[in-house]
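Given these sequences and hints, build the entire structure.
Chains as they are written, first to last, in numbering that gives the first Met the number 0: chain A, 0 to 494; chain B, 0 to 494.
Derived from the structure by calculation, the hints contain no laboratory data.
Where a beta carbon is used, it is the ideal one built from N, C-alpha and C, also for glycine.
Calculated lysine to any residue pairs in the SDA-like style (CA-CA distance at most 25 Å, straight line):
{"#": "1", "chain 1": "A", "residue 1": "K455", "chain 2": "A", "residue 2": "D322"}
{"#": "2", "chain 1": "A", "residue 1": "K87", "chain 2": "B", "residue 2": "S251"}
{"#": "3", "chain 1": "A", "residue 1": "K87", "chain 2": "B", "residue 2": "H431"}
{"#": "4", "chain 1": "B", "residue 1": "K87", "chain 2": "A", "residue 2": "L413"}
{"#": "5", "chain 1": "B", "residue 1": "K87", "chain 2": "A", "residue 2": "H431"}
{"#": "6", "chain 1": "B", "residue 1": "K455", "chain 2": "B", "residue 2": "T426"}
{"#": "7", "chain 1": "A", "residue 1": "K87", "chain 2": "A", "residue 2": "R40"}
{"#": "8", "chain 1": "A", "residue 1": "K87", "chain 2": "B", "residue 2": "R468"}
{"#": "9", "chain 1": "B", "residue 1": "K303", "chain 2": "B", "residue 2": "T139"}
{"#": "10", "chain 1": "B", "residue 1": "K87", "chain 2": "A", "residue 2": "I248"}
{"#": "11", "chain 1": "A", "residue 1": "K303", "chain 2": "B", "residue 2": "G101"}
{"#": "12", "chain 1": "B", "residue 1": "K87", "chain 2": "B", "residue 2": "A110"}
{"#": "13", "chain 1": "B", "residue 1": "K87", "chain 2": "A", "residue 2": "D259"}
{"#": "14", "chain 1": "B", "residue 1": "K87", "chain 2": "A", "residue 2": "E416"}
{"#": "15", "chain 1": "B", "residue 1": "K87", "chain 2": "A", "residue 2": "R254"}
{"#": "16", "chain 1": "B", "residue 1": "K455", "chain 2": "B", "residue 2": "M341"}
{"#": "17", "chain 1": "A", "residue 1": "K87", "chain 2": "B", "residue 2": "P255"}
{"#": "18", "chain 1": "B", "residue 1": "K87", "chain 2": "B", "residue 2": "L75"}
{"#": "19", "chain 1": "A", "residue 1": "K87", "chain 2": "B", "residue 2": "D259"}
{"#": "20", "chain 1": "A", "residue 1": "K87", "chain 2": "A", "residue 2": "I248"}
{"#": "21", "chain 1": "B", "residue 1": "K303", "chain 2": "A", "residue 2": "G101"}
{"#": "22", "chain 1": "A", "residue 1": "K455", "chain 2": "A", "residue 2": "D422"}
{"#": "23", "chain 1": "A", "residue 1": "K87", "chain 2": "B", "residue 2": "E482"}
{"#": "24", "chain 1": "A", "residue 1": "K87", "chain 2": "B", "residue 2": "L432"}
{"#": "25", "chain 1": "B", "residue 1": "K87", "chain 2": "A", "residue 2": "D429"}
{"#": "26", "chain 1": "B", "residue 1": "K455", "chain 2": "B", "residue 2": "R345"}
{"#": "27", "chain 1": "B", "residue 1": "K87", "chain 2": "A", "residue 2": "S414"}
{"#": "28", "chain 1": "A", "residue 1": "K87", "chain 2": "A", "residue 2": "T105"}
Just a sample of chain A residues kept apart from chain B, beta carbon distances all over 10 Å, derived:
{"#": "29", "residue": "R2"}
{"#": "30", "residue": "E80"}
{"#": "31", "residue": "T105"}
{"#": "32", "residue": "F218"}
{"#": "33", "residue": "R293"}
{"#": "34", "residue": "R302"}
{"#": "35", "residue": "V315"}
{"#": "36", "residue": "P370"}
{"#": "37", "residue": "S387"}
{"#": "38", "residue": "E416"}
{"#": "39", "residue": "T426"}
{"#": "40", "residue": "V460"}
Number of protein chains: 2
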Amino acid sequence: MFRIRSVAIDTFPENTAYLPRNDSGYGAEQFQALRKIEICRGESSILATLAIMDDEHLLQRGEIGLGEQAFRRLGLPEGTEVSIAQAKPPASLDAVRRKIGGNSLTDAEIAAIIRDVARHHYSPMEIAAFLVACAAFMTTDETLALTRAMADVGTRLTWDAPLVVDKHCIGGIPGNRTSMIVVPIVAAHGLIIPKTSSRAITSPSGTADTMEVLANVDFSAERLQAIVAQENAVLAWGGRVNLSPADDILISVERPLRIDTFEQMVASIMSKKLAAGSTHLVIDIPVGPSAKVRSQGEAVRLRKLFEHVAAQLDIVVDVVLTDGSQPIGRGIGPVLEARDVMAVLRGDPDAPADLRDRALLLAGRVLDFDPALPGGEGRQRAEELLDSGAALAAMERLIAAQGARTDPPAIGPLSHEVLALRDGRITAIDCHLIARIARLAGAPMEKGAGIDLLRKVGDPVQRGEPLYRIHATSQTGLGFACELASEASGYSLAS
Amino acid sequence: MFRIRSVAIDTFPENTAYLPRNDSGYGAEQFQALRKIEICRGESSILATLAIMDDEHLLQRGEIGLGEQAFRRLGLPEGTEVSIAQAKPPASLDAVRRKIGGNSLTDAEIAAIIRDVARHHYSPMEIAAFLVACAAFMTTDETLALTRAMADVGTRLTWDAPLVVDKHCIGGIPGNRTSMIVVPIVAAHGLIIPKTSSRAITSPSGTADTMEVLANVDFSAERLQAIVAQENAVLAWGGRVNLSPADDILISVERPLRIDTFEQMVASIMSKKLAAGSTHLVIDIPVGPSAKVRSQGEAVRLRKLFEHVAAQLDIVVDVVLTDGSQPIGRGIGPVLEARDVMAVLRGDPDAPADLRDRALLLAGRVLDFDPALPGGEGRQRAEELLDSGAALAAMERLIAAQGARTDPPAIGPLSHEVLALRDGRITAIDCHLIARIARLAGAPMEKGAGIDLLRKVGDPVQRGEPLYRIHATSQTGLGFACELASEASGYSLAS
Chain A
0 MFRIRSVAID TFPENTAYLP RNDSGYGAEQ FQALRKIEIC RGESSILATL
50 AIMDDEHLLQ RGEIGLGEQA FRRLGLPEGT EVSIAQAKPP ASLDAVRRKI
100 GGNSLTDAEI AAIIRDVARH HYSPMEIAAF LVACAAFMTT DETLALTRAM
150 ADVGTRLTWD APLVVDKHCI GGIPGNRTSM IVVPIVAAHG LIIPKTSSRA
200 ITSPSGTADT MEVLANVDFS AERLQAIVAQ ENAVLAWGGR VNLSPADDIL
250 ISVERPLRID TFEQMVASIM SKKLAAGSTH LVIDIPVGPS AKVRSQGEAV
300 RLRKLFEHVA AQLDIVVDVV LTDGSQPIGR GIGPVLEARD VMAVLRGDPD
350 APADLRDRAL LLAGRVLDFD PALPGGEGRQ RAEELLDSGA ALAAMERLIA
400 AQGARTDPPA IGPLSHEVLA LRDGRITAID CHLIARIARL AGAPMEKGAG
450 IDLLRKVGDP VQRGEPLYRI HATSQTGLGF ACELASEASG YSLAS
Chain B
0 MFRIRSVAID TFPENTAYLP RNDSGYGAEQ FQALRKIEIC RGESSILATL
50 AIMDDEHLLQ RGEIGLGEQA FRRLGLPEGT EVSIAQAKPP ASLDAVRRKI
100 GGNSLTDAEI AAIIRDVARH HYSPMEIAAF LVACAAFMTT DETLALTRAM
150 ADVGTRLTWD APLVVDKHCI GGIPGNRTSM IVVPIVAAHG LIIPKTSSRA
200 ITSPSGTADT MEVLANVDFS AERLQAIVAQ ENAVLAWGGR VNLSPADDIL
250 ISVERPLRID TFEQMVASIM SKKLAAGSTH LVIDIPVGPS AKVRSQGEAV
300 RLRKLFEHVA AQLDIVVDVV LTDGSQPIGR GIGPVLEARD VMAVLRGDPD
350 APADLRDRAL LLAGRVLDFD PALPGGEGRQ RAEELLDSGA ALAAMERLIA
400 AQGARTDPPA IGPLSHEVLA LRDGRITAID CHLIARIARL AGAPMEKGAG
450 IDLLRKVGDP VQRGEPLYRI HATSQTGLGF ACELASEASG YSLAS
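Now the structure itself:
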């Protein structure tokens, strides 16, 4: 038996436990060789990675130190006696090994894996093994099972309305921040649109990152429902609501590995929509040579996968294939994108027209779900709500309801302009490369970091004129971004 | 700039760095979200996982704490000023992503991955991604490139002899500790056999684990060469010699995930043989329903892969397919296996006959590499050397040269007998299950833990008679092992 002692070390997202090297009875090296131990008392138990403390002042004989995550997740007071054991690997790892071996998994096997993931019983290494094995191949049935399993382990929101709409873009197009325009338009129309978003996975900003520039996005499920009751809408981060906690854990491994398969994408998106109680959903799939989906053929495969899974889950989907040939809007990165969104909502004359158009297209498709509206009039209705200022008013109410940010972050003060190396006309902008440069600059962690595009496809440019401006808040970030931009700007020019 | 401070925490095998939460200038959360930072001064640099210290007494403002691994690997004194930056992911990760995407990699891509792995630039998560992606498929050319790349990043041993022989079993058969008999036979004959082994990967004991019961196995390359010069042989752990440091790191991830593909097996084994300077190699592939290789067809595929890679590397191989239908010998686990090995070498009348036969078969094939011996006389010569006591004498000299263990571990004092549930004749013993039970009992970490088989295939047994005895050194280990054994003993009986 060991007594718990809290150790003020934050090893997010992992649980860490500390044992003195020379404690009696247990061979610390033995446990450490296994890396993971189980700490338990009665019904409470957690798994933790073990580290050995050689400083005798930090832990007394008979104590086990728990890092901040481990202490909080175990939820027992300091001094409580606990027992420790070699962690048995989660039983569901056998299914992961079967998947690595090229087999398809049953619904029950997938459910068991996801339950163990949600309980933090998988290490990042084990999660990576599962994700990469699934990336090799995954059947439609497996994708559906994964979707259901992920929704089942989280909170489920329910709404007292026949129609709960949502809109989701699969991402990959920098600056494509349409949700923050679509949601106020739809709310102004009167449909319920409780939009929860993740933070950026592989991109320089997600809707939650950008909305956070303007307002609080971090709510409990109760608070979220209260905001929707009042405003028809919310633009929230989905993490705290815990709609798909397993997905959040999977994403923490997908992000650094940049794994982004169709199957995992569909399961991730649809599990969250299912948990969020959506009944009708517009999905935006941008298609372009540097987008996530690079051809019409791929787009159709992805569309069908969404439609198949949605049908099994009784969710109505409308999948829209859009032009993903270049970034949307000008700003890339949370602060710069928020600036563009507000410019469109305010109807500023120099607001990015492509962002406005894309948002109106998608808002129109969402409004077309409303049985009260004559067929095909969604787009026109969306335009009216935007141009009349009704959408802006809805957004301002929403910001107030969510809690306006009192110290809005500014655009990164350090900047560098990337210049055209020759005269010509811009023929292409590489979405993937521009996103990487913006991320190196610090986005989305540094809200003010990112890229401001000064030229778009079709624009003429002369040698020495700026193509875009990199913004950063640290010299390190600016340096990394400029280094990559000087290797490849992401712009193609033709005479 | 931060000043280094050593932090007495052992987070083997990972580097860990600690920053105070509220230090000025750097956003600790920002770095932490990226998990990995690069710490450098001039040419010295390491990557480390970042943890945040909330205890103000442990780190002063302006200090960065380095855990034991990180401090040692950076190799700079305390107080040295270092700079830190977001770790750029290793460039070779792009190749890992291509592999996840189903592509074959070039020799240069594989070499770059292995160099980065050997430099500790990959996290366990990233290593898992590489291994699982390779497990999906790997071409023969990729396997060869991986083998060469792994040998290239380690120490290369060279020998002043035309013939440097070795013997390797792919494993999977509990108790199959033939190397410790083959090596003294071959040494007594006069061939050079510098045998380096890994510790157990997925089994209850490796040759290094078992030899360590009798003697030191941990040598520098110089010491190893001195022992071979004196005794013709060595039975050493390969880890410290650093023959294939990348492989050791890969194995630290393969072990918990129990990944064991043919391609990774061949690359792992052949890279170490190449680095160890072997010219002639006998490879033992046991085939059986619960062995690593389950059918003759699989065995032939593996044999051809060994032969192809060996030919490209100018190593002569003789691949022997052996009976892998049940464990070899009686003891399973380091101490129990060492007991059996010494019984065979001493010629004890009750020494396990199957272990003796298997060792003689393999030693004979190794001796057949000797051009001085008439064709086909290897086996007979091996038998002479064993029965005359020459092999025992060679083993005793080898133990003395390596340094006999002064405090040899004992058989685990806690034990439990697993009994037959009915009368009958034993028709099969599940190697995989028996290995798992022995591991749960604590082997190989606990040297005395394991299983003593009291009945083998073909033996009659009556209800209530013992099939095998589980030995453990802790109640926890005994409990885990008994739990699994009570679910499934691993023995099949027929009337």
